[in-house]
Amino acid sequence: MWPISTASSCCRCSSWRRTWRSKGRSPWLPGRARPEAPYGRPLSRYGVRLADICRQAGVPCTEYAEAFDTVPDSEKVAAYLAADPSITHVAMVHSETTSGLLNDIEAVGKVVKQAGKTFIVDAMSSFAGVDIPMQKWGIDFLVSSANKCIQGVPGFSFIICRRDLLEESRGKARSLSLDLYAQYETMERDGGKWRFTSPTHTVLAFAQALRELVEEGGIEAWHARYAANNALLIERMTDMGFMLYLKEHQGPIITTFCHPEDVSFTFKEMYDYVKARGYVLYPGKLLDGDTFRIGNIGEIYPADIENVAAALADFLAEKRAEQA
1 MWPISTASSC CRCSSWRRTW RSKGRSPWLP GRARPEAPYG RPLSRYGVRL
51 ADICRQAGVP CTEYAEAFDT VPDSEKVAAY LAADPSITHV AMVHSETTSG
101 LLNDIEAVGK VVKQAGKTFI VDAMSSFAGV DIPMQKWGID FLVSSANKCI
151 QGVPGFSFII CRRDLLEESR GKARSLSLDL YAQYETMERD GGKWRFTSPT
201 HTVLAFAQAL RELVEEGGIE AWHARYAANN ALLIERMTDM GFMLYLKEHQ
251 GPIITTFCHP EDVSFTFKEM YDYVKARGYV LYPGKLLDGD TFRIGNIGEI
301 YPADIENVAA ALADFLAEKR AEQA
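Start counting the sequence shown at 1; every next residue gets the next number (full-length UniProt numbering).
Hints are computed from structural coordinates only; laboratory data are not their basis.
Beta carbons are placed, not taken as given, at the ideal position from N, Cα and C, and that holds for glycine.
Heads up, a few of these hints could be off.
When the alpha-carbon atoms are kept at most 20 angstroms apart in a straight line, the in silico SDA-like pairs for lysine to any residue are as follows [to be verified]: (1) 247 with 231; (2) 268 with 319; (3) 110 with 71; (4) 110 with 133.
FRET-style restraints, in silico, Cβ to Cβ [what the hints assert, rightly or not]: (5) 266 with 114: 45 to 51 angstroms; (6) 214 with 282: 26 to 32 angstroms; (7) 321 with 290: 16 to 22 angstroms.
Could you put the whole structure together from the sequences, leaning on the hints where they help?
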């Protein structure tokens with residue numbers, strides 16, 4: 001059970017319960033639909049996906065939406081909670097990979113606890129890369145994944161949560177395979193066994209990734225490396241004429257850039273050029289306009305950032321020469 005205790009220590013909550021699920025944001029179905037259903041109603045920040053999960057599960061939700069470049073205002077969250085007593089849970093994303101923005105979950109958690117509500121945090125792309133003191137910040141449920149900042153591979157997700165709230169969720173599942181309490185009960189009874197087929201290879205990779213986290217110096221060391229990567233990336237990109245999408249609250253995980261105004265090209269052209277040089281840019285975008293994202297987590301170091309920047313500089317030079 002070494003991986004479980006090590007993962008929990010990342011959030012300074014070794015006495016809490018850790019339960020293990022399937023992949024991606026699947027845990028949001030038990031993590032959000034089950035603890036409150038059929039009695040409560042969550043207030044969702046991440047708009048599209050998390051609210052869609054609630055609706056699909058038949059859980060009523062109130063959406064508080066901001067622009068993609070704006071962090072949620074804790075005072076507005078407090079106002080929502082004061083105006084609607086039926087809201088029982090507040091759910092939000094920590095690192096918004098849509099734009100690269102890092103939300104202030106500490107400030108929101110404070111007003112959520114003051115209102116006596118349950119606080120659920122999606123830390124898919126921040127866990128192990130950013131310090132998250134769960135108990136201090138009032139986080140009741142934290143959802144994350146075996147990959148992303150853990151530097152493992154995709155294959156399962158996990159939830160770190162308060163034992164009492166997990167116990168209260170018994171019998172409220174709306175899914176057989178995503179029954180969080182049943183998974184917890186099975187693991188407690190059978191020594192960590194999955195209810196269904198275990199993702200053995202992913203678990204081994206996860207355990208190795210956690211060993212490497214400890215060996216490198218823990219979250220503080222990984223965060224420092226990611227932040228250094230990000231700062232160097234932004235410096236090199238802006239020097240070339242790429243513009244930052246975010247004006248503030250930029251996180252150290254992933255960054256959204258806007259195309260330079262003095263040259264025309266498609267993302268595919270740039271993607272293929274950089275890929276031929278040995279690096280792959282994130283191929284999807286969720287924002288309007290000519291934007292793209294570059295992630296700098298994982299086994300990536302300043303030398304990699306310099307190599308990517310050099311490839312992009314050569315690409316822009318060729319395009320500008322063609323269009324001169």
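- [ ] Check each numbered hint against the structure and report the violated ones by number, ascending.
- [x] Checked against the structure, no hint fails, so every one of them is satisfied.
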